[in-house]
Every structure is written in C-alpha cells, then in structure tokens.
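Participant: Read off the chains here:
There are 4 protein chains.
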Amino acid sequence: MKILKNGDIVCLFSEKGKKWFVKIENRHFSTHEGIVDLQQMVGRQSGDFIMTSTNNKIYFFTPSIEELILHYVKRSTQIIYPKDAGYLILKLGIKEGMQVLEVGTGSGAMTLVLAHFVGDSGRVYTYEERQEFVKKAENLVREFNLEQRVCFHTKNIGCGIEEKGFDAALIDLKEPERYLRDTVESLSCGATFGIVVPTTNQVSNVIRECEILDVLGLDICEIFFRRYRVNAERLRPQDVMVGHTAYLITGRKIKSG
Amino acid sequence: MKILKNGDIVCLFSEKGKKWFVKIENRHFSTHEGIVDLQQMVGRQSGDFIMTSTNNKIYFFTPSIEELILHYVKRSTQIIYPKDAGYLILKLGIKEGMQVLEVGTGSGAMTLVLAHFVGDSGRVYTYEERQEFVKKAENLVREFNLEQRVCFHTKNIGCGIEEKGFDAALIDLKEPERYLRDTVESLSCGATFGIVVPTTNQVSNVIRECEILDVLGLDICEIFFRRYRVNAERLRPQDVMVGHTAYLITGRKIKSG
Amino acid sequence: MKILKNGDIVCLFSEKGKKWFVKIENRHFSTHEGIVDLQQMVGRQSGDFIMTSTNNKIYFFTPSIEELILHYVKRSTQIIYPKDAGYLILKLGIKEGMQVLEVGTGSGAMTLVLAHFVGDSGRVYTYEERQEFVKKAENLVREFNLEQRVCFHTKNIGCGIEEKGFDAALIDLKEPERYLRDTVESLSCGATFGIVVPTTNQVSNVIRECEILDVLGLDICEIFFRRYRVNAERLRPQDVMVGHTAYLITGRKIKSG
Amino acid sequence: MKILKNGDIVCLFSEKGKKWFVKIENRHFSTHEGIVDLQQMVGRQSGDFIMTSTNNKIYFFTPSIEELILHYVKRSTQIIYPKDAGYLILKLGIKEGMQVLEVGTGSGAMTLVLAHFVGDSGRVYTYEERQEFVKKAENLVREFNLEQRVCFHTKNIGCGIEEKGFDAALIDLKEPERYLRDTVESLSCGATFGIVVPTTNQVSNVIRECEILDVLGLDICEIFFRRYRVNAERLRPQDVMVGHTAYLITGRKIKSG
Numbered sequence: 001m002k003i004l005k006n007g008d009i010v011c012l013f014s015e016k017g018k019k020w021f022v023k024i025e026n027r028h029f030s031t032h033e034g035i036v037d038l039q040q041m042v043g044r045q046s047g048d049f050i051m052t053s054t055n056n057k058i059y060f061f062t063p064s065i066e067e068l069i070l071h072y073v074k075r076s077t078q079i080i081y082p083k084d085a086g087y088l089i090l091k092l093g094i095k096e097g098m099q100v101l102e103v104g105t106g107s108g109a110m111t112l113v114l115a116h117f118v119g120d121s122g123r124v125y126t127y128e129e130r131q132e133f134v135k136k137a138e139n140l141v142r143e144f145n146l147e148q149r150v151c152f153h154t155k156n157i158g159c160g161i162e163e164k165g166f167d168a169a170l171i172d173l174k175e176p177e178r179y180l181r182d183t184v185e186s187l188s189c190g191a192t193f194g195i196v197v198p199t200t201n202q203v204s205n206v207i208r209e210c211e212i213l214d215v216l217g218l219d220i221c222e223i224f225f226r227r228y229r230v231n232a233e234r235l236r237p238q239d240v241m242v243g244h245t246a247y248l249i250t251g252r253k254i255k256s257g
Numbered sequence: 001m002k003i004l005k006n007g008d009i010v011c012l013f014s015e016k017g018k019k020w021f022v023k024i025e026n027r028h029f030s031t032h033e034g035i036v037d038l039q040q041m042v043g044r045q046s047g048d049f050i051m052t053s054t055n056n057k058i059y060f061f062t063p064s065i066e067e068l069i070l071h072y073v074k075r076s077t078q079i080i081y082p083k084d085a086g087y088l089i090l091k092l093g094i095k096e097g098m099q100v101l102e103v104g105t106g107s108g109a110m111t112l113v114l115a116h117f118v119g120d121s122g123r124v125y126t127y128e129e130r131q132e133f134v135k136k137a138e139n140l141v142r143e144f145n146l147e148q149r150v151c152f153h154t155k156n157i158g159c160g161i162e163e164k165g166f167d168a169a170l171i172d173l174k175e176p177e178r179y180l181r182d183t184v185e186s187l188s189c190g191a192t193f194g195i196v197v198p199t200t201n202q203v204s205n206v207i208r209e210c211e212i213l214d215v216l217g218l219d220i221c222e223i224f225f226r227r228y229r230v231n232a233e234r235l236r237p238q239d240v241m242v243g244h245t246a247y248l249i250t251g252r253k254i255k256s257g
Numbered sequence: 001m002k003i004l005k006n007g008d009i010v011c012l013f014s015e016k017g018k019k020w021f022v023k024i025e026n027r028h029f030s031t032h033e034g035i036v037d038l039q040q041m042v043g044r045q046s047g048d049f050i051m052t053s054t055n056n057k058i059y060f061f062t063p064s065i066e067e068l069i070l071h072y073v074k075r076s077t078q079i080i081y082p083k084d085a086g087y088l089i090l091k092l093g094i095k096e097g098m099q100v101l102e103v104g105t106g107s108g109a110m111t112l113v114l115a116h117f118v119g120d121s122g123r124v125y126t127y128e129e130r131q132e133f134v135k136k137a138e139n140l141v142r143e144f145n146l147e148q149r150v151c152f153h154t155k156n157i158g159c160g161i162e163e164k165g166f167d168a169a170l171i172d173l174k175e176p177e178r179y180l181r182d183t184v185e186s187l188s189c190g191a192t193f194g195i196v197v198p199t200t201n202q203v204s205n206v207i208r209e210c211e212i213l214d215v216l217g218l219d220i221c222e223i224f225f226r227r228y229r230v231n232a233e234r235l236r237p238q239d240v241m242v243g244h245t246a247y248l249i250t251g252r253k254i255k256s257g
Numbered sequence: 001m002k003i004l005k006n007g008d009i010v011c012l013f014s015e016k017g018k019k020w021f022v023k024i025e026n027r028h029f030s031t032h033e034g035i036v037d038l039q040q041m042v043g044r045q046s047g048d049f050i051m052t053s054t055n056n057k058i059y060f061f062t063p064s065i066e067e068l069i070l071h072y073v074k075r076s077t078q079i080i081y082p083k084d085a086g087y088l089i090l091k092l093g094i095k096e097g098m099q100v101l102e103v104g105t106g107s108g109a110m111t112l113v114l115a116h117f118v119g120d121s122g123r124v125y126t127y128e129e130r131q132e133f134v135k136k137a138e139n140l141v142r143e144f145n146l147e148q149r150v151c152f153h154t155k156n157i158g159c160g161i162e163e164k165g166f167d168a169a170l171i172d173l174k175e176p177e178r179y180l181r182d183t184v185e186s187l188s189c190g191a192t193f194g195i196v197v198p199t200t201n202q203v204s205n206v207i208r209e210c211e212i213l214d215v216l217g218l219d220i221c222e223i224f225f226r227r228y229r230v231n232a233e234r235l236r237p238q239d240v241m242v243g244h245t246a247y248l249i250t251g252r253k254i255k256s257g
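Protein chains in written order, with the numbering used here: chain W, 1 to 257; chain X, 1 to 257; chain D, 1 to 257; chain B, 1 to 257.
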C-alpha cells in the first residue's frame with residue numbers, strides 16, 4: 001500500500017471524469033470543481049479521496065508510468081507514446097539489471113520509462129547535445145527518484161560513446177542513420193536496438209545503413225491506438241484518434257565476419 | 001554478455017530471413033537450409049553463428065520476451081500479443097517488487113511477461129481451474145527459470161482468492177464480469193486492473209459491472225499493429241495484418257464509501 | 001469544360017493551401033488572404049484563378065462530390081463520410097437508372113450522393129419524419145439541380161413505404177432494426193441493402209433482426225481513412241485522424257420460403 | 001427485377017455461407033454441397049434459389065460490382081480493392097457522361113468500375129502496353145456488356161495520348177511520375193486525377209513531379225478496411241485483415257501561368 005508524502009506526484013480524478021497531475025506541496029490547487037488543499041493527501045493512500053471547497057469529491061492516485069508520459073512530461077519535444085514505449089520495452093527485452101544506451105534524451109519521457117524497467121541494479125546511459133533538454137530530463141528523472149539509475153551525457157554520440165557492451169539501445173533523434181554504426185558497435189553481441197522515426201524517408205535511410213552494418217533481423221512496424229467511449233449501451237470508438245506517432249525499427253547486433 | 005548453455009532457448013536466424021526457436025539439447029536440428037548440431041552453440045555468445053551441414057550460416061540469439069510470446073509459447077489457447085502485453089505492462093505500472101494477480105493463466109504467455117517484469121523481488125499469483133493449462137504454464141515458466149516468481153493456483157477465483165493487497169491485477173478469461181468484484185476487492189486501494197476480452201458484448205458487460213463496484217477511470221482501447229517490408233527503395237506495409245486480438249479495459253480501485 | 005455561372009458552388013483554393021466553399025453570387029467574399037469579387041468567376045472555367053484585393057492568387061474549382069459532403073453540407077446532423085459513402089455505392093451496386101430507397105434523410109448528404117449516381121433515369125425515394133431535416137435536404141438537393149432525381153417523403157417508414165421493388169436501400173437512422181422488415185419487403189428480390197450505425201450494440205441488434213428476415217450474405221465492416229502530409233522528403237501520416245464514423249452492414253434480400 | 005439468362009454472371013450462395021461466381025452456361029457446376037445444373041437459373045430472378053444434387057439450397061444473385069472486383073476478376077495483376085475504388089470514384093467525381101482517361105489498364109478491374117459509373121453516355125479511354133493485359137481486360141469488359149463504353153489503346157502513353165480534354169484521369173502503373181505530365185496536359189482545366197501506388201518511395205516521387213506541373217490540391221491517403229464476424233452475441237472483428245493495398249494520391253489540374 002502506497003502512503004503519499006510531500007513531493008509525490010499524484011493524479012487527481014474528479015467524479016465527472018476530469019484529470020489533473022500535480023506534485024504534493026504546501027499549497028492549494030484550483031479546479032473547475034473547487035479548490036483542493038494538497039496537504040490533505042499527505043499520509044493517506046492512493047485511491048482515497050478529498051473534498052474540494054465546493055464539496056466535490058476528488059480521488060487521488062499514484063500515476064502509472066503510462067499516465068506520466070502522456071500527461072505529466074512537459075511537451076518540450078516530441079514525446080514517445082505509451083503504445084510505442086510498451087512495445088519497445090518488450091521488443092528490446094528490457095529488464096532489471098540491464099545496461100541500456102539511449103541516443104537522444106529528448107523530453108526524457110523514454111529515459112524515465114527505461115529507468116523504470118531496468119530497476120535498481122540496471123542503468124540507462126543517455127546522450128543529448130542540447131543542454132536545455134538534458135536539464136529538463138534530469139529534473140524529470142529526479143522528480144521520480146530515479147536519478148541513481150540514469151547517467152546523463154551532454155554530448156553528441158558522434159563525439160564518442162563512453163561505455164561499451166550495452167544490453168540494448170534506443171535511438172530517438174533526427175538522423176538516426178548517422179549514429180547507427182557507433183550505436184551498434186557499442187552493443188553486446190546479440191543485443192537488440194530500437195529506432196524511433198516519424199517519416200518514411202528516415203525508415204528508408206535506416207534500412208540502407210543497416211545493410212552495411214553487422215545487423216540482422218530488421219523489423220519495422222507502426223502501432224495504432226484507438227480509445228472507446230465508456231458506455232455499455234452505446235459502445236463505440238472515440239471520434240478522433242492519433243493518426244501517427246512514429247515508425248519503430250528494431251534489429252539485432254551480430255558477430256562481425 | 002550472454003554465454004549459452006544446455007537448456008537455453010535460442011532463436012536461430014538464417015541469412016535468408018527464416019527463424020526457428022529451439023532449446024539447446026544434445027541433438028541435431030533439421031532445417032531447409034541444412035542440419036544444425038545444437039551443441040555447437042554451447043559456450044558461445046548470443047549473436048554468433050554456426051554453419052549447417054550444407055554450409056549455410058545460421059545466427060543464434062537469446063530471444064526477447066516479445067519473440068517468445070509470439071513464436072515459442074504453444075498456442076494451446078489464445079495468446080496475448082506483444083502489442084497488447086507491452087501496453088498493459090505500462091498501463092498497469094508493473095515493476096520490480098510488485099505483487100500481481102492474474103485471473104486466468106491460459107497459455108501462460110502473460111504469466112511469463114508479468115514474471116519477467118516483477119523481477120526477483122516481485123511475485124505473480126495466477127489462478128486457473130483447468131489443470132492441463134496450469135501444467136503447461138508451469139512448464140513454460142520453469143523453462144525460463146522464473147518459477148520462484150510465480151505462484152500457481154489450480155482453482156476458480158470464485159472459490160476464493162487466497163491473497164490480498166495486490167498492486168495490480170489482470171483478468172483474461174471468458175466472463176470477466178463474474179470475477180471482477182473479487183478481483184477488485186483483492187487489490188490495494190489505488191491499484192490498477194486490466195481486462196482482456198475479444199468481443200464487444202464482453203466490453204459492455206464489464207462496463208456495467210464496473211458501475212456498481214469501487215472503480216474509477218475506466219479506459220477502453222484497442223491496438224493495431226502493422227509490419228512493413230524491409231526494403232529501402234520499395235518501402236510499404238506488409239499485405240496482411242492481424243485484424244483483431246482483444247479490447248483492453250483498465251481501471252483503478254478506489255476507497256469504498 | 002465547365003464554364004461557371006451564378007448559383008454554382010465553387011471551391012476556392014489559395015496557393016497557401018487554404019480552402020473555402022462558396023456559391024457564386026453578386027457579392028464579395030473575405031478571406032485572410034484578401035477580398036474576392038465572386039462575379040469575376042462567372043464565364044470562366046474551373047481550374048482558373050482570380051486575384052484577391054491583396055494580390056494573392058486564388059484558384060477556383062467545381063467541387064467533387066467528396067468535397068461537397070465533407071465541406072459544404074451543413075453539419076446539422078451526422079454526415080456520412082466519403083470513405084463510407086464510396087464503399088456503399090460500390091457494395092450496393094448503385095448505377096444509372098436505379099430506384100433507391102433511403103430510410104432517414106438526415107443531412108441529405110447521402111441523398112445527394114445517391115442522386116448523383118442514379119443519373120437522370122434513376123430515382124431516390126427518401127423518408128424522414130423530422131420536417132426541418134427534409135427542408136434542409138430539399139434545399140441542398142435543389143442547389144445541385146438534382147431535385148428531379150429525388151422524391152422526399154416527410155414521414156416515418158413505419159407508417160408505410162409508398163413504393164415497391166427498389167433496386168437498393170440504405171438505412172441511416174437510430175434504430176434501424178425497427179425499420180428493417182419494411183425495408184427488406186420493399187426491395188426487389190436479390191437487391192442489396194446497407195445500414196449505417198455508430199455503435200456495436202446497434203450492430204448486434206441488426207444481426208438479430210436479420211436472422212428472422214429473408215436476408216442472406218450479411219457483411220459487416222468498418223473503414224479507416226488516414227491522410228498523409230504532402231512532403232516528398234518528410235513523408236508521414238497526419239498527426240490526427242478520424243477514429244470512428246460508423247459500422248457498415250450490408251445484406252441481400254432473398255426469395256421467401 | 002432482374003431475370004437471368006445464359007451468359008449472365010451469378011454469385012451462388014449456399015446457406016452455409018459459401019460463395020461461388022460462375023457464368024450461366026449449359027453445364028453442371030460441382031460444389032462441396034452437391035452438383036448444380038446452371039440452366040435451372042435461366043428465366044428466374046436474382047435472389048431465388050435452386051437445390052443441389054444432394055438437396056442443399058443454393059441462392060443465386062446478380063453480383064454487385066464490389067463482388068466482381070474481389071472475386072471474379074482474374075488476379076493476373078494487382079487488382080484495385082473496393083475500399084479504394086469507391087473512394088476514388090467519389091474523389092474524382094466520376095458520373096454519367098464523363099470522358100475518363102485510365103493510364104495502365106492492368107487487370108481491367110478499375111476499367112470495369114469506371115465504365116460502370118460513366119454510364120451509356122460516358123467513355124473510358126484506357127492505355128496499356130502489354131498486349132496480354134489488354135486482351136484480358138477487353139474480355140472482362142465484354143463479359144459485362146460494357147464494351148461500347150471503353151476504348152482500349154495498346155500503347156504506352158509516353159507515345160502520345162490520342163484524346164484531349166478528359167474530365168478525370170486515373171494512373172495505375174509502376175512509375176506514375178513518368179506519365180504525370182502527359183496525363184495532366186490531357187485533362188480539362190479543373191479536372192481531378194488520381195494515382196494508385198503501393199510504396200512510399202513512389203508517393204515521394206509523385207509529390208516531387210507535381211511540384212513542377214500545373215497541379216493544385218494534392219491529397220494523399222490510405223484506407224483500411226476491417227470486417228466483423230456476423231455474431232450478435234459475440235461481435236468482434238475478423239482475426240485477419242488486409243494490411244495494405246495502396247496509397248491514393250489525388251490532385252487538380254489548374255490553368256497554366
């Protein structure tokens with residue numbers, strides 16, 4: 001059972017179906033359904049409720065990592081979607097104890113997901129040359145107390161990857177084909193890499209680059225996600241859905257020669 | 001670096017793109033590309049290769065959990081697809097140390113995935129009344145040396161769930177609405193449950209049942225997965241795709257009253 | 001070659017990719033790219049251009065029926081989408097000379113499409129009990145000079161269908177299963193009917209009703225439509241797409257007994 | 001009411017849900033449900049039934065154009081799918097009386113659809129350099145008594161299009177960008193063209209070519225089609241669906257200068 005304390009991030013959930021994500025601090029939080037005294041949550045468990053100033057019930061939860069990615073991570077850059085992140089975690093075989101390379105920290109959303117799954121005994125090494133992104137991602141990771149699982153490098157991997165023998169790698173930046181050789185070389189033999197790209201031209205570029213590297217089992221896919229309205233007597237999909245996030249490319253490093 | 005030994009499951013991968021999944025034993029394995037002496041892989045690392053009797057190169061890998069589900073688990077019953085399993089892992093917030101309830105062991109594919117992600121300090125409690133399924137799932141889990149992470153119960157949860165305070169639950173059997181009350185009651189306050197159902201009628205039934213339980217934040221979705229042909233100059237999706245696996249329903253247990 | 005005259009509906013198309021649909025009248029039309037004197041288009045051909053008051057080029061076209069449905073028909077009620085309308089036209093085998101029954105005129109969008117395809121020698125008989133919808137649909141059909149191809153009935157078909165021997169029928173209203181028997185009875189033997197419904201519960205209701213009627217070859221589908229960004233070097237789907245419009249059900253009337 | 005005669009193509013439909021497409025001739029037709037004397041259908045109406053030698057009921061129908069494309073046209077080359085054909089018919093605004101150019105006759109499936117919709121007063125001009133395809137398409141069109149609506153040219157349009165002022169054009173061959181200039185030049189001002197291509201590389205090539213032609217309003221899409229199982233109490237999509245047929249590109253010819 002999770003007992004909440006100051007500094008925790010919670011998802012507030014009104015009975016009308018509205019959602020907010022806040023950090024528990026010594027302050028009041030205003031909603032259309034009244035004002036909430038955040039301190040009232042301290043010492044209580046996830047799933048409990050508090051009343052607003054206008055007497056509306058607000059439930060609060062420890063958010064899942066899926067909710068954090070979608071609703072909490074600041075959209076300073078393209079975030080990775082849960083539908084894609086979940087598939088990649090399985091496909092890359094991420095598990096506790098793994099050493100994972102991330103090329104392109106970006107918003108830090110995927111850094112967070114990777115750190116979540118490598119556990120206390122694993123580690124994520126993430127490279128990003130834009131300092132403001134590194135800073136934001138560091139703050140994000142610290143907010144979830146996962147900083148000891150992540151090693152941030154403020155540099156382009158073109159300038160050298162400082163570690164070797166990664167168990168998995170994920171590339172999420174603009175010209176992945178330029179960083180693929182270095183990424184593959186830094187992997188353990190047999191390890192899987194993943195690449196996230198929005199355009200078909202990038203997919204073609206990655207395929208071409210893989211043809212000259214020690215890579216096998218290239219696999220390319222895209223994932224669609226469609227929500228349904230929660231109505232037992234009038235069940236139907238929602239009117240609008242996300243039309244595209246990214247193409248996902250994965251492959252395996254093989255022994256040279 | 002992963003050094004292979006007898007009893008390990010490997011994915012064989014020919015240069016022509018054909019795949020096989022076998023356990024390393026003291027035997028020969030026949031393929032259209034020649035015969036492979038499985039013992040040759042012992043002591044070597046994932047990503048290395050061996051030659052067949054007809055001089056074809058066969059690479060071998062430690063399979064990812066995504067490949068295991070799709071290719072290795074015997075299709076005795078409906079398996080869960082990686083696209084769905086990955087999303088549920090994120091949505092249920094599965095992580096090391098968690099105590100997870102699985103209602104309906106089925107093929108054991110999802111049991112394996114859950115066991116993979118709860119780590120050495122977590123545990124999966126799985127209920128299934130059909131003894132032959134329990135047996136197969138136990139063998140499967142043992143094959144991956146995860147038996148200490150799973151507790152199998154050969155019974156219908158209608159006869160009582162023996163544990164309490166689960167951090168997450170997954171229901172994957174025919175009439176989930178019949179088991180939902182017991183499942184929700186066995187969860188920690190604030191915990192998330194997931195339900196996997198193939199038909200729209202089942203979705204409606206689950207929604208109706210949730211309306212009378214201590215549940216909030218019901219979310220219903222389906223996920224589509226489309227592969228692309230690996231061809232840089234003629235990039236296009238594959239001709240055929242899976243049209244449907246399941247609707248995924250998730251929700252949160254709230255404090256009663 | 002189409003020469004434009006007063007009363008014609010045109011699609012204005014700026015070089016920046018913005019679109020407007022207007023009727024050619026004796027007035028000026030204001031856009032963000034300047035003011036357009038609509039009379040300048042009279043006597044000129046579709047595909048030509050005029051200059052706005054701020055010297056921007058605006059091309060004008062006779063709109064296709066696909067554009068009319070999507071952009072011109074007033075959204076007083078749910079419109080049918082081109083992706084669905086086009087498929088139904090093929091599936092119902094609509095062609096010149098056909099006598100077609102429409103149950104539920106609604107916005108008149110599908111009335112317009114049917115009238116377009118039955119030609120001068122065919123006829124659409126459309127039933128709608130809400131007088132304000134009939135009025136709007138009549139105006140719409142008149143605007144395209146197709147009024148001689150459509151017979152409007154302001155009544156519920158439960159009160160009797162006045163014609164017999166239809167070559168095809170389309171049902172697009174709330175409880176189609178209530179009108180299915182009358183619709184099927186009014187069809188020629190062997191003719192095809194189509195039903196458009198947004199929810200899965202309605203689909204189940206229609207299937208149940210068909211089981212007791214002289215109907216064969218029931219076919220149920222849904223159609224997804226995804227646009228791509230027009231960018232040769234960065235080709236990718238648009239971020240957002242329509243998640244759902246309707247389930248399409250079709251079947252054939254067979255001889256009784 | 002349609003009375004069947006020798007030479008007509010019919011769809012046979014067993015009560016078990018099996019379908020066959022045959023031409024009515026003086027012969028017997030064998031099925032798993034018994035032998036059918038095809039002559040028994042002569043003089044009877046679509047939607048009626050006959051009994052097989054083993055006393056099974058077989059209904060017969062005049063097929064819709066959607067069924068003809070999917071089930072009757074010989075798959076000598078890639079056929080166009082009804083989901084795509086229906087949308088293109090709407091998007092190109094095809095109607096009775098139109099003069100339509102088809103570049104690449106292929107199987108003749110789309111020729112048939114276009115001929116169906118241009119009516120007796122319209123005409124389809126179709127170009128194809130492979131003589132065997134022209135022959136097959138001519139036979140197909142003749143089988144449906146639409147030969148007076150189609151003009152076949154056994155030549156590459158690179159050698160010159162013999163007509164001018166088309167109301168619409170459809171390009172369905174391998175390197176559409178090579179034929180786009182000639183196609184656009186042969187269109188009436190304001191007319192719409194459509195292009196059907198399977199790969200993303202072709203889409204990029206077409207976009208690039210359009211940038212230097214008198215073309216506006218380029219629109220690129222793909223259409224997905226998913227069937228459902230006909231079961232009111234267990235409603236769900238079919239397990240497998242078509243993953244890809246083609247990208248559809250449409251645009252408008254504008255006045256030069």
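Read the hints as simulated data drawn from the structure, not as lab findings. Possibly wrong hints are sitting among the right ones.
Simulated crosslink set (SDA-like; lysine to any residue; CA at most 20 Å straight-line) [what the hints assert, rightly or not]:
1. W:255 with X:145
2. B:164 with D:95
3. D:5 with B:188
4. D:95 with B:53
5. W:255 with X:16
6. W:95 with X:145
7. X:16 with W:55
8. D:95 with B:142
9. X:255 with W:55
Participant: Given the hint that residue 255 of chain W pairs with residue 16 of chain X, does the C-alpha gap stay at or below 20 Å?
Facilitator: Cα-Cα ~17 Å, so holds.
Participant: Has the given pair, residue 95 of chain W with residue 145 of chain X, been kept, meaning a C-alpha gap of at most 20 Å?
Facilitator: holds, 15 Å
Participant: Checking one constraint from the list: CA of residue 95 of chain D to CA of residue 142 of chain B, max 20 Å. Satisfied?
Facilitator: Cα-Cα ~18 Å, so holds.
Participant: Does residue 95 of chain D lie within 20 Å of residue 164 of chain B when you go C-alpha to C-alpha?
Facilitator: Answer violated: residue 164 of chain B to residue 95 of chain D is near 26 Å, above 20 Å.
Participant: Residue 255 of chain X and residue 55 of chain W were given as a pair; does the straight-line alpha-carbon distance stay at or below 20 Å?
Facilitator: holds, 18 Å
Participant: Mind checking the alpha carbons of residue 255 of chain W and residue 145 of chain X for me, to see if they're no more than 20 Å apart?
Facilitator: violated, 27 Å
Participant: Between residue 16 of chain X and residue 55 of chain W, does the CA-CA distance stay at or below 20 Å?
Facilitator: violated, 67 Å
Participant: Hey, residue 5 of chain D versus residue 188 of chain B, does the alpha-carbon distance stay inside 20 Å?
Facilitator: The given pair, whose Cα atoms are some 18 Å apart, holds under the 20 Å limit.
Participant: Hinted pair, alpha-carbon criterion (20 Å max): residue 95 of chain D, residue 53 of chain B. Please report holds or violated.
Facilitator: violated, 36 Å
Hints 1, 2, 4, 7 from the earlier list are contradicted by this structure; the remaining hints agree with it.
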